[in-house]
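Protein chains: 2
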Amino acid sequence: MGLFSKDIKSLDDLFVHTLQDIYYAENQITKALPTMIEKATDPQLKQGFQTHLAETQNQIKRLEQVFQMHGHTPKGVDCPAIDGIIKEANEVAGDVADKEVLDAALLAAAQAVEHYEITRYGTLIAWAKQLGRNDCASVLQQTLDEEKATDQKLTAMAESKVNQKAA
Amino acid sequence: MGLFSKDIKSLDDLFVHTLQDIYYAENQITKALPTMIEKATDPQLKQGFQTHLAETQNQIKRLEQVFQMHGHTPKGVDCPAIDGIIKEANEVAGDVADKEVLDAALLAAAQAVEHYEITRYGTLIAWAKQLGRNDCASVLQQTLDEEKATDQKLTAMAESKVNQKAA
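Protein chains in written order, with this note's numbering: chain A, 1 to 167; chain B, 1 to 167.
So that you can see chain A by itself, here it is in the shape it has in the complex (with noise of 0.2 Å):
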């Protein structure tokens, strides 16, 4: 997308841009989430971020089928926002001394992606309402049903004891 010409004219095209942005999004938290595994201390948020870059890359899989089924070839394009959280989640989890500590940090910083991968799951899916493709709607709410479930799933971690460890 160049700042000087204005390529997206219509919904279907921002639509097409979001799925675009995404696409690039999931596939950087798949190359940053096995840093995260490997800072990780508590056996259960490791192995959730294990599970959670399972699913991630499923959700690309998926990405991929609503591409096919709304006529595009899978691309991305930069995703400013998704490079500046991980950037962050890097930055702050260079700068914690303690591991249990580390591991809330670690934690927050999955629920800042998690979090930016529900609006745009949510924004995405009311688009492809909006556009008629309600089959494309139904694909996307799988992903963001699940993303909403590891949220809550972080969460519930971080209460019943990572938050309780780092203290």
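Be aware that one or more of the hints could be misleading.
The list makes no distinction among identical chains, and a pair is therefore deemed to hold if it is satisfied within one copy or across any two copies.
[What the hints assert, rightly or not] Here are the computed lysine-lysine pairs in the PhoX-like style, where the Cα-Cα straight-line distance is at most 20 Å:
1) K161 - K46
2) K153 - K129
3) K9 - K99
4) K6 - K148
5) K9 - K31
6) K87 - K129
Hints are computed from structural coordinates only; laboratory data are not their basis. Keep in mind the model is a prediction, meaning the values are calculated, not measured.
Please arrange chain B on chain A, whose structure you already have, making use of the hints.
Okay, now just chain B, sitting in the frame of chain A:
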């Protein structure tokens, strides 16, 4: 925070660092909102952004109150996450040719901002409670409730009107 120092040694340090992060973020949001108000066409959306600007200014005051309650001087630290989210909003807005499609894009961008705030305030409240600072948690909860209400209002506006006009 330096990349080679380990300045965060406790959950309390992490709490203060994240307060500084969201303090910077809220200040950046007050700088970004006037452009969004100017660019929005739908009067209800424009008014929604205007209301949120006033709310954000009040949320900054609440953060200053929490800093003081916790014995710290209010200050911000760079937050690459919010910088990325705002950069992406500006880039997409610059690429949209049609005013009604632009409204849909601006609304989605505002929801990405809301979700960033929701995840950070949710984390801060959990940490404040863990640190025995229910007084700080209670002030932060007022903001979290506002952010969630704003997000729901935006969803309702998107689904009842803005997306239809854009399609």
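Structure-based check of all given hints:
For the homomeric pair K161 and K46, the shortest alpha-carbon distance inside one copy (13 Å) is at most 20 Å, but the shortest distance between copies (43 Å) is not. With identical chains, the CA atoms of K153 and K129 are at most 20 Å apart between copies only, with a shortest distance of 19 Å across copies and 28 Å within one. In this assembly of identical chains, K9 and K99 lie within 20 Å of each other by CA distance solely across copies; the values are 9 Å between and 49 Å within a copy. For the identical chains of this complex, K6 and K148 are neighbours neither inside a copy (34 Å) nor across copies (32 Å), given an alpha-carbon limit of 20 Å.
Taking the closest pair of Cα atoms, K9 and K31 never come within 20 Å of each other, the shortest separation being 32 Å inside a single copy and 27 Å across copies. Proximity of K87 to K129 under the C-alpha cut-off of 20 Å is found in neither arrangement, the shortest distances being 33 Å within a copy and 27 Å between copies.
Of the numbered hints given earlier, the model fails hints 4, 5 and 6; all others are met.
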